[in-house]
Amino acid sequence: MKKKKYDTSVVMLYLIGKEYLLPKEFRKQIPYSTIASWRKIDYCSYIGHEYRIFFEEMADYLALKKTCKEQRKMLRSIAKAWLIMQNDISPIIEQAKTNVELQKKLVHAIDCLKVGFGLRKTLKLLGLTNKIYQAWSFLIRSYCTASHSFQCVKRYPHQLQKKEVQKMRKLLTAPRLLHWPIVSIAATGLRRGSIVASMYSWYKYARLMELTHKTGRKPQRKVGLLAERPNEYLHVDTTHYLISDQKVCITFVMDNFSKMILGFQVAEKLSFEVVKGALTKALKIVGRHPDQQPVNLVADGGRENNNHHINQFIAGLTNYKITKIRSLKDIKFSNSPVEAIHKIIKSRYLHNHQFHSIQQLEQFLEWAVYDYNVLRPHYKHSPKTPHEVYFGIPLKFDVKERMKSAGKIRIQKNKELRCNACVNNALLIMHNYRSA
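Here the sequence shown stands for residues 1 to 436, numbered as in full-length UniProt numbering.
Hints in this document: simulated from the structure, not taken from any laboratory.
It is possible that part of the hints are untrue.
[Claimed, not checked] Only pairs whose alpha carbons sit at most 30 Å apart, straight line, appear in this in silico DSS-like list of lysine-lysine:
id: 1; residue 1: K167; residue 2: K346
id: 2; residue 1: K124; residue 2: K114
id: 3; residue 1: K380; residue 2: K324
id: 4; residue 1: K400; residue 2: K163
id: 5; residue 1: K114; residue 2: K104
id: 6; residue 1: K247; residue 2: K204
id: 7; residue 1: K73; residue 2: K40
id: 8; residue 1: K329; residue 2: K396
id: 9; residue 1: K204; residue 2: K404
id: 10; residue 1: K346; residue 2: K276
id: 11; residue 1: K167; residue 2: K97
id: 12; residue 1: K65; residue 2: K80
id: 13; residue 1: K5; residue 2: K40
id: 14; residue 1: K346; residue 2: K380
id: 15; residue 1: K124; residue 2: K105
id: 16; residue 1: K343; residue 2: K332
id: 17; residue 1: K400; residue 2: K415
id: 18; residue 1: K332; residue 2: K321
id: 19; residue 1: K332; residue 2: K396
id: 20; residue 1: K66; residue 2: K80
id: 21; residue 1: K167; residue 2: K384
id: 22; residue 1: K343; residue 2: K276
id: 23; residue 1: K69; residue 2: K80
id: 24; residue 1: K65; residue 2: K154
id: 25; residue 1: K65; residue 2: K3
id: 26; residue 1: K5; residue 2: K24
id: 27; residue 1: K413; residue 2: K154
id: 28; residue 1: K204; residue 2: K105
id: 29; residue 1: K18; residue 2: K3
id: 30; residue 1: K80; residue 2: K214
id: 31; residue 1: K321; residue 2: K276
id: 32; residue 1: K404; residue 2: K162
id: 33; residue 1: K167; residue 2: K121
id: 34; residue 1: K346; residue 2: K170
id: 35; residue 1: K163; residue 2: K324
id: 36; residue 1: K97; residue 2: K154
id: 37; residue 1: K24; residue 2: K73
id: 38; residue 1: K384; residue 2: K343
Start from the sequences and build out the full structure, keeping to the hints where you can.
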């Protein structure tokens with residue numbers, strides 16, 4: 001049998017350990033004994049063996065070319081798989097916009113992928129913009145323990161200080177304020193001067209601390225009957241409440257302009273007496289108002305509001321000029337302002353409370369109405385309370401000036417702090433300066 005002869009290049013590839021560049025099918029045809037004999041050859045005994053380096057450089061280039069080809073093939077496979085799973089990954093990207101920990105993981109993942117794909121293609125695959133990526137990268141590099149949101153307080157001096165966030169948490173978790181909305185708690189902090197911040201900051205940090213004070217679905221915004229002065233429109237309506245397996249009636253009278261509860265009455269059954277009692281209490285407060293102008297009393301079509309007893313009672317009032325208006329009949333508006341009072345009292349005050357008698361309920365409502373009228377700032381007139389708006393009582397401070405002053409103090413305090421991010425950046429600058 002004739003002995004096979006192999007090209008010198010094949011022998012050289014086995015000698016320098018780069019035989020993997022040859023096709024696998026071709027390598028299987030070479031006997032193991034032949035390969036072993038090639039590897040035992042001492043080429044240093046040959047004249048001119050030092051010029052073998054030219055062949056080795058070419059072999060290195062071919063090896064690198066093959067590696068790049070395999071990597072490109074692998075990257076294309078990853079990109080195709082990513083596009084197939086893009087719909088499943090999109091929710092994670094959306095969630096990362098409000099999750100700092102997820103932002104860190106994504107930034108590290110992008111830094112790894114951009115080595116193979118490039119930054120532009122990587123961001124395109126993820127559906128992110130370069131601006132968002134740069135912002136996330138900067139926040140991670142500027143990670144600061146002196147800030148509640150972990151952003152460098154020196155670079156972002158407008159953010160709240162940690163002690164301000166602690167005061168905010170204390171107010172949001174106070175047991176006596178759990179029935180208050182965040183806007184009222186923010187107004188209380190503004191009135192006291194203990195925590196002065198915008199509503200955006202209050203909602204932002206409440207969301208970060210998971211203390212949002214939610215009450216349910218947000219109702220659709222509708223424009224209803226709007227008064228231009230106190231006592232222009234009063235609303236009366238009756239709601240039902242269950243105590244000890246007994247359904248009782250609660251009638252409220254409120255002022256449209258100030259949203260103040262002027263009177264209420266509790267009774268075992270629905271009748272004109274419960275409406276009369278609430279109106280009697282309300283008129284005592286109306287009589288204390290300095291502006292005694294004609295009053296429009298808005299009521300729905302319920303029989304307790306529309307009967308000859310109520311008409312005689314209103315007609316017999318000599319000190320007040322009251323005109324009763326039927327909602328959705330005499331006017332196109334509903335009686336929703338007082339129905340909002342029902343919702344507030346039931347969902348924020350009476351919720352999770354048990355009463356065994358009407359007397360207990362009345363006693364609790366006395367406190368609830370006082371808290372709502374006098375202590376709790378109303379969102380429409382924030383930071384004023386309904387009592388202050390109804391009687392025209394001015395605040396003892398200027399809201400804009402207090403907000404402006406608090407902003408200046410916050411910026412000054414934050415700029416004076418030296419957080420770990422600032423120290424690390426300073427050390428890095430010194431190191432680069434000494435290296436140069």
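Results for each hint:
no. : hint           : verdict
1   : K167 with K346 : holds (28 Å)
2   : K124 with K114 : holds (11 Å)
3   : K380 with K324 : holds (26 Å)
4   : K400 with K163 : holds (22 Å)
5   : K114 with K104 : holds (15 Å)
6   : K247 with K204 : violated (41 Å)
7   : K73 with K40   : violated (36 Å)
8   : K329 with K396 : violated (43 Å)
9   : K204 with K404 : holds (20 Å)
10  : K346 with K276 : holds (22 Å)
11  : K167 with K97  : holds (27 Å)
12  : K65 with K80   : holds (23 Å)
13  : K5 with K40    : holds (17 Å)
14  : K346 with K380 : holds (20 Å)
15  : K124 with K105 : holds (17 Å)
16  : K343 with K332 : holds (22 Å)
17  : K400 with K415 : holds (23 Å)
18  : K332 with K321 : holds (23 Å)
19  : K332 with K396 : violated (39 Å)
20  : K66 with K80   : holds (21 Å)
21  : K167 with K384 : holds (21 Å)
22  : K343 with K276 : holds (22 Å)
23  : K69 with K80   : holds (17 Å)
24  : K65 with K154  : violated (49 Å)
25  : K65 with K3    : violated (34 Å)
26  : K5 with K24    : holds (19 Å)
27  : K413 with K154 : holds (9 Å)
28  : K204 with K105 : holds (22 Å)
29  : K18 with K3    : holds (25 Å)
30  : K80 with K214  : violated (43 Å)
31  : K321 with K276 : holds (16 Å)
32  : K404 with K162 : holds (19 Å)
33  : K167 with K121 : violated (45 Å)
34  : K346 with K170 : holds (25 Å)
35  : K163 with K324 : violated (53 Å)
36  : K97 with K154  : holds (23 Å)
37  : K24 with K73   : holds (19 Å)
38  : K384 with K343 : holds (21 Å)
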